[in-house]
Amino acid sequence: MKTFKHSCSVLLIGLASSLASAEISVIVSTNNPNESIDQNTVSKIFLGKAKSFPDGSQAVPIDQDDGAAARVAFNSTVLGKSASQLKSYWSRLIFTGKGTPPKQSGNDAAVKELVANNPNIIGYVDSSVVDSSVKVVHKF
Amino acid sequence: MRTTKYWAPSLLALAIASPAMANDLNVNGFLSVGATMLDDNKASIASADNQGGFKQDTVLGLQVQKQVNDSTSATGQLVSRGSSDYNTEAAWAFVTYAASDDLDLRMGRLRIPFFQYSDFLEVGYAFNWIRPPSEVYRVPFSSLDGVDLTKRFSSGSIDGSVQVYYGRFQGVFDTGVDKYDSDYRNFTGLAITANMGNFGTRLSYHQAEIIMDTSDATTQLGGAKAAAGAIAAVPEGVDVGTATGNPALAGLTGVGDASASEDFDFAGQTSQFVEAAFTYDDGTYSAVAEWTALDHESSLFLDDQAWLLGIAARFGDFTPHLTYTTEKDSFDSGTEGEIQKQLPLESEQSSIIVGLRYDYDSSTALKFEIQNNDETTASGADGDSATLYSVAVDVVF
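Protein sequences appear in the order of chains V and L.
Per my numbering: the first sequence = residues 284 to 423.
Per my numbering: the second sequence = residues 467 to 863.
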């Protein structure tokens, strides 16, 4: 029994570390003057509650495609909402003309390219794809 | 040559910027398809009956939004409701001018922000019920033509908005029993919302001057108006049927004060509406409480109060929910009240709603609901109770 418990906890630790290794980076263009953006501000930008970066320039958030691993992690960690809750949140805004959800813009590579080429765009990708073309402003 | 190379990526960036800047046409829609079955026709809920119905909860909405330039956008929403024989109506048609990041001016056909769920009243996907409880959501029109100004604010962990509007509603006031041509003038109000973490609050106030055609005595309000005039004119304590020679008015007792009938009319009398709501949602458990009160200067409408309390729990894709809601009329004081008590106007009712929402995927919800409606008083007489069974599928796209 003790051995069983022990192997269970080893399994759990293994699982936890494999989850933790999928680190997500919130990225902007290297031409974007903002160096670091806190989670609350990132959340506000992606929920349409803030429309600009801390320095005042326009912020355009983009999402990864539905079901992408980075998107699931971003939604639950940064926004604290499930896919259904987010859909419900956005349907309350879309149909009142009060806001539109971030555009679905593909996978890690596609998001990185869009972000790199436009200083107004903010996105998130798996940290493993981050390179010098983009700047990381938040990590989790 | 070097300069050209240096600029090329920036030009590319500009070219790519356009689509991501939402300079395109956004088309969204929602569709709810429902079926209802009432166990007993004596009470009325959601226009359903005991022969089954498929159109009462069926609603199709299509919305088009176009960003015209950096600060201006145009939004139109066409809604086709089974409950009004699929006549298509522009629920929204407005131009938004964003004066700044947090200040919007809108002009056109707008939703009146009466209730917590007013903005997305017909978007079934956005809430757990199949339809918002009619005890509280009892105003039979939802849009007006006018202007509004919305200021959003954000400070630390609190964010919210203040909305003020002014306009006019000209259209048919449909009580479900009769239809009246109406004109709500100087329609104005204020709605304040604030959210902090899992908590949300909303406060709103609305008023309008009502002009309504109640000259047809065969309608409920027209008949009440005519009877009120007769009751007021007949000497105190005398039977109105005997005094007027009209057997239809027998049993009513005169009050002998002709001036008391003046406010049994809609000739510009002001009505006021106050609402307060509180919401909680921690991702697993959620609750909503909403209280409302109507205060009419006209005595043909009884003042009333209505509120609801709903709770829900999310277990993965399943969300069971429970709601209690109630509405109660009150009479005016003095002679007007004495007349109101003799007219078929008073209503008092409550409902318990038990439902289950199943999120089939991230844009489709399947809902089951049982509503037990208990009418203590309906149109001034003892009411009945009935149970309504409903299913619905809500889709957003």
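Calculated directly from the structure, the hints in this document are not laboratory data.
Watch out, some of these pointers could steer you wrong.
[Stated by the list, open to error] For the chain L half of the interface with chain V, some residues (derived, Cβ under 8 Å), not all of them:
1) Gln529
2) Thr538
3) Trp558
4) Thr562
5) Val589
6) Ala592
7) Phe607
8) Asp611
9) Lys617
10) Ser621
11) Gly749
12) Asp798
13) Ser799
14) Ser828
In this text, a Cβ means the ideal position worked out from N, Cα and C, and glycines have one as well.
Now the hints, each set against the structure:
Annotation: interface hint on Gln529/L holds; nearest CB of chain V at approximately 6 Å, less than 8 Å. For Thr538/L, the suggested interface contact is broken, since its CB lies about 12 Å from the closest CB of chain V, more than 8 Å. The interface hint given for Trp558/L holds, since its Cβ lies 7 Å from the closest Cβ of chain V, which is under the 8 Å cut-off. The beta carbon of Thr562/L is positioned within 8 Å of a beta carbon in chain V (closest approach about 6 Å), and the interface hint is therefore held.
Given the 8 Å rule on beta carbons, the hint for Val589/L holds: about 5 Å separates it from the nearest Cβ of chain V. About 5 Å separates the beta-carbon of Ala592/L from the nearest beta-carbon of chain V, less than 8 Å, and the hint is met. Interface hint at Phe607/L: violated, since its Cβ lies 17 Å from the closest Cβ of chain V, which is beyond the 8 Å cut-off. Interface restraint check: Asp611/L against chain V, minimum CB-CB distance 16 Å, threshold 8 Å, status violated.
At about 13 Å, the closest approach between the beta carbon of Lys617/L and any beta carbon in chain V exceeds 8 Å, and the interface hint on this residue is violated. Below 8 Å, beta-carbon pairs count as interface contacts, and Ser621/L has none with chain V, the closest being about 12 Å; its hint is therefore violated. Annotation: interface hint on Gly749/L holds; nearest CB of chain V at approximately 7 Å, less than 8 Å. Checking Asp798/L against chain V by beta carbon gives a least distance of about 36 Å; that is not within 8 Å, so the hint is violated.
At its closest, the beta carbon of Ser799/L sits 40 Å from a beta carbon of chain V; the interface hint therefore is violated under the 8 Å criterion. With 8 Å as the threshold, the beta carbon of Ser828/L comes within range of chain V, its nearest partner Cβ sitting at about 4 Å, so the hint holds.
The structure is inconsistent with the numbered hints 2, 7, 8, 9, 10, 12, 13, although it conforms to all the rest.
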